[in-house]
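**Student:** Construct the complete structure from the given sequences, taking the supplied hints into account.
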Amino acid sequence: MRPLKLIITGFGTYCQRTEINLEQLGTQGLYLITGDTGSGKTTIFDAISYALYGSVNGQNRTIAMIRSTFATPDIPTEVELTFEYRGKTYVVKRNPEYERRSRRGDSVTKQIAEATLSMPDGTVVTGQGKVTNAINELLGIDANQFSQIVMIAQGDFQKLLMEDTGKRQDIFRKIFKTDYYQILQQKLSEQEKNLERECTDIGKALSIFVNGILCDPTSTLNIELEKAKSNALGITDEIELIQKIIAEDQTAHKKLTDIITDLEKQCNTLRDTLSKNEETEKLRADYKQKSADFEEIQKTIVEVKQAFENEKGRAKERTDKEAELAVLNEELKKYEELDTIAKDVKDIENQKKGLKEQIDTLKADCEECDKQTSSLSEKLKELADAEEKFYKADAAQKEADKRKNDFDELEKSAADCEHLLKEFNALQEAYISTQKSYEEFDVNYKHLRKVYMDEQAGIIAQELKDGVPCPVCGSLDHPKPATKSEGAPTKEQLDQAEKEDKELNLAVSSANTKCAESKTLYENTLKVVKENYAKLAKDESAEDLSLLKQKIAEQKDKALNLLKECNKNLEEENKRVEKKNKINEELPELQERLKQKTEELQKKNEELSALDARLQEKEKQAKEQRSKLKFENIDAARDAVSALQNQIDKLKQDFDEAENKYNDEQTKFTALESQVKQLEAQLKGTEEINVAELKEKLDDLDKERNNITDQKTAVDSRLTTNNTALENIKQRSQELSVIQNQYSYVSALSKTANGGLSGGKEKIKLETYIQMTYFDRIIAHANKRLMIMSDMQYELVRKKEAADLRSQTGLELDVIDHYNGGQRSVKSLSGGESFQASLALALGLSDEVRLSAGGIKIDSMFIDEGFGTLDSETLQKAFKALSGITEGNRLVGIISHVDLLKEKIDKQIVVKKARTGGSTVKVIV
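Last residue of the sequence shown: 924 in numbering that gives the first Met the number 0, with the numbers rising by one and none dropped.
Calculated directly from the structure, the hints in this document are not laboratory data. Quick caveat, the model's predicted, so the values are computed rather than measured. From the three backbone atoms N, C-alpha and C, an ideal C-beta is built for every residue, glycine too. Hints should not be assumed to be uniformly reliable.
Using 20 Å as the maximum straight-line C-alpha spacing, the simulated SDA-like pairs for lysine to any residue come out as follows [what the hints assert, rightly or not]:
id, residue 1, residue 2
1, Lys762, Arg283
2, Lys243, Gly233
3, Lys529, Glu539
4, Lys563, Ala552
5, Lys333, Phe630
Cβ-Cβ distance ranges computed for the label pairs, FRET-style [what the hints assert, rightly or not]:
id, residue 1, residue 2, range
6, Asp790, Ala913, 36 to 46 Å
7, Arg637, Thr299, 38 to 48 Å
8, Glu516, Ser436, 18 to 28 Å
9, Lys129, Gly821, 36 to 46 Å
10, Gln792, Lys129, 23 to 33 Å
11, Ser545, Glu398, 42 to 52 Å
12, Gly830, Leu183, 38 to 48 Å
13, Glu539, Ser376, 54 to 64 Å
14, Gly126, Gln792, 49 to 59 Å
15, Ser436, Gly830, 16 to 26 Å
16, Leu748, Thr26, 47 to 57 Å
17, Gln350, Asn659, 30 to 40 Å
18, Glu516, Lys87, 17 to 27 Å
**Tutor:** Put into structure tokens, the structure is as follows:
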């Protein structure tokens with residue numbers, strides 16, 4: 000990667016657009032970036048780094064700090080870099096987020112961060128993150144690696160040279176990304192601790208299981224069990240002891256089970272005897288009751304049989320009454336026919352009555368319809384002009400509404416005008432205040448400038464000598480030289496005062512412009528309001544805004560009152576139109592209704608005549624039928640039928656009850672006779688027993704069985720507990736064996752990876768070992784240059800052994816002195832020697848990072864270090880070594896202000912810092 004052109008604007012010390020043509024420096028060799036302290040030499044590299052990656056080099060600098068403090072609000076902050084990579088040209092442009100003046104110039108707005116990357120094929124990548132990712136992919140290195148390969152920064156040399164293993168580990172971890180090995184070390188250490196904790200936990204669990212073992216208090220095995228609970232036995236012995244305890248309880252369990260079985264058999268025999276005796280006693284009581292019932296029913300059956308025979312003798316009486324009932328039922332049909340005729344007569348009379356009512360109603364309806372028709376016709380004549388008056392009222396309402404809206408808008412415009420007047424007054428006051436401040440400050444500034452110029456003349460006057468020309472006027476005589484004044488300002492104070500004077504002058508100009516714009520806007524708005532009012536109110540007498548607002552309000556009230564009156568009139572005329580429309584709809588309907596009612600009345604009169612004829616016919620039929628019947632009416636006939644039917648039903652009921660009662664008693668007699676005989680057979684051969692004696696014996700057997708059962712329950716509980724504990728102990732002991740083997744293996748790995756091996760071995764961590772490989776290669780690269788700079792005297796070597804085997808080792812650094820053949824710590828080198836070693840090591844690190852990043856092609860690099868601390872000879876050697884790294888078309892920029900380097904390096908970038916702020920750049924080739 001070779002930078003071709005860099006454009007910096009509003010960035011760091013570069014407040015103006017600054018273009019640096021780096022292509023003028025060529026493609027190979029050294030060039031010098033020189034200038035005063037703080038002029039912005041390192042900022043050039045920061046700009047390149049920011050353009051590529053959106054970040055700057057250095058721990059104390061952030062993106063928020065890169066905007067130039069000298070840049071005016073209208074100057075943007077951005078960097079554009081054109082660079083070549085593998086024969087193709089790319090352009091990257093980037094700006095941070097910062098506050099800038101708005102496009103209208105009257106406020107401050109936030110400029111968002113943006114980035115673009117123009118590719119050789121014409122495509123453009125946009126967006127901060129996307130551009131950074133594209134650069135990473137193109138160059139093959141990230142921002143951190145770029146700063147380590149391309150920029151050897153101030154202060155980093157000595158730090159890298161003097162750090163111990165721990166600090167150097169942190170540096171290499173970040174550069175070579177060896178944190179994966181550190182994570183592996185941590186994982187192994189955590190796994191070792193976890194396995195150790197699992198072993199401890201299982202041991203505690205085994206102790207809990209052993210302590211939970213139960214034993215028969217009378218057993219001799221209790222002594223061994225106490226030893227096991229005090230951890231006096233091994234796992235195997237503990238398992239064997241538990242098995243013995245379980246076997247002893249199993250024997251006791253079988254013995255107690257047999258005893259309980261025998262006792263339960265005896266109890267069951269006694270319960271069977273008592274149960275059978277209870278059944279026998281029930282049979283005896285039942286036999287006694289059944290015998291008494293049998294004697295009683297023998298007496299009852301004679302009585303019910305006689306009653307049944309008496310009912311059989313009334314059979315002829317029932318037959319006669321049934322024949323009489325049949326005759327009455329036959330005549331009942333004729334009464335029903337007469338009843339039907341009577342109903343028809345009544346229905347016809349009801350129909351006549353209803354029809355007469357309908358006829359009366361229809362007559363009244365016809366009269367009412369005729370009356371309403373006449374009334375509506377008269378009203379229709381009165382409403383003949385309703386539509387015409389409605390249209391006139393509607394036009395008047397719309398005109399009044401428009402006038403009211405016009406005055407609403409005019410009132411709003413007057414209010415806006417009043418607001419503009421207030422704004423103008425406020426801006427006018429601000430302008431007067433700013434003008435006053437500027438005039439006061441300008442007087443002070445001019446006085447300050449005069450004092451400063453007098454001071455400069457006094458300084459020159461101190462150097463004047465008679466006969467020597469004055470550097471200002473050339474005179475050889477100096478009769479009255481100027482004197483220095485007390486309390487004169489410095490150049491910086493004068494510059495600051497001048498800056499503030501200009502800013503105040505600019506503020507006065509801005510305030511004046513805003514005031515004039517506000518006044519013009521107010522006057523134009525007021526003119527429009529006056530013209531509109533005069534047009535609406537036909538009144539041009541209002542010149543003052545306050546009077547104009549008052550008259551507008553009065554005219555608005557008048558317009559509102561007129562609108563209300565027009566709305567009321569429109570509503571009334573609308574009601575008249577609606578009323579007329581309603582009459583036009585109702586009148587035809589009413590006329591049609593009158594016609595229908597008249598026709599319906601005629602039809603109803605015809606129906607009434609027909610009903611009169613039918614009524615006369617039905618009355619004649621009823622008279623003829625009534626003369627042929629025995630009873631007055633059908634109800635009397637039905638009463639006679641009902642009375643006769645009740646007599647027949649009573650005779651049948653008495654017979655059925657006598658028969659059923661006789662049959663029931665006969666069934667009971669037969670059943671009781673059978674039951675008595677059966678009970679006699681069951682009780683034959685039975686004898687009474689002593690129940691109390693048998694129950695007492697059963698209670699004794701139950702108590703003995705319960706006692707034995709309690710003993711068996713205790714044994715069962717011990718067996719359950721001990722068997723569970725035994726299984727857990729076997730399982731956990733197997734787990735413990737497996738985990739102990741894992742722990743031994745993982746512990747050895749962890750101690751090896753974390754540098755924790757004992758026995759006089761070096762304490763080198765896995766990550767440190769990997770870093771040692773990188774470190775050895777860095778040292779090899781560094782020694783190529785250190786041997787040149789030190790005239791083959793010094794060679795860096797990695798210390799092979801630590802002074803204290805208890806501490807971490809592997810990345811300590813020694814130096815071999817080939818002049819005396821000794822090896823010693825790099826911390827023993829002198830200042831100049833330390834610089835040589837530091838520079839060589841930093842260049843070696845840059846080479847290794849570049850190679851580790853996949854052989855990326857970086858054709859430019861920067862070195863920013865304090866060459867000013869070196870003597871002439873050492874500087875010559877350093878220059879010789881630096882010249883060597885430019886081989887192979889590499890361009891190296893050295894950031895320094897040492898005079899010797901200015902003399903030896905022709906190609907230069909000269910950075911100058913202006914007194915008024917900001918920096919400028921000149922390329923010398």
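**Student:** Confirm or reject each hint.
**Tutor:** To see whether the hints hold, each was checked on the structure:
| no. | hint | in the structure |
| --- | --- | --- |
| 1 | Lys762 <-> Arg283 | violated (106 Å) |
| 2 | Lys243 <-> Gly233 | holds (16 Å) |
| 3 | Lys529 <-> Glu539 | holds (8 Å) |
| 4 | Lys563 <-> Ala552 | holds (17 Å) |
| 5 | Lys333 <-> Phe630 | holds (11 Å) |
| 6 | Asp790 <-> Ala913: 36 to 46 Å | holds (44 Å) |
| 7 | Arg637 <-> Thr299: 38 to 48 Å | holds (43 Å) |
| 8 | Glu516 <-> Ser436: 18 to 28 Å | holds (21 Å) |
| 9 | Lys129 <-> Gly821: 36 to 46 Å | violated (56 Å) |
| 10 | Gln792 <-> Lys129: 23 to 33 Å | violated (52 Å) |
| 11 | Ser545 <-> Glu398: 42 to 52 Å | violated (30 Å) |
| 12 | Gly830 <-> Leu183: 38 to 48 Å | holds (41 Å) |
| 13 | Glu539 <-> Ser376: 54 to 64 Å | holds (58 Å) |
| 14 | Gly126 <-> Gln792: 49 to 59 Å | holds (54 Å) |
| 15 | Ser436 <-> Gly830: 16 to 26 Å | violated (56 Å) |
| 16 | Leu748 <-> Thr26: 47 to 57 Å | holds (52 Å) |
| 17 | Gln350 <-> Asn659: 30 to 40 Å | violated (57 Å) |
| 18 | Glu516 <-> Lys87: 17 to 27 Å | violated (53 Å) |
When each numbered hint is compared with the structure, violations occur for hints 1, 9, 10, 11, 15, 17 and 18.
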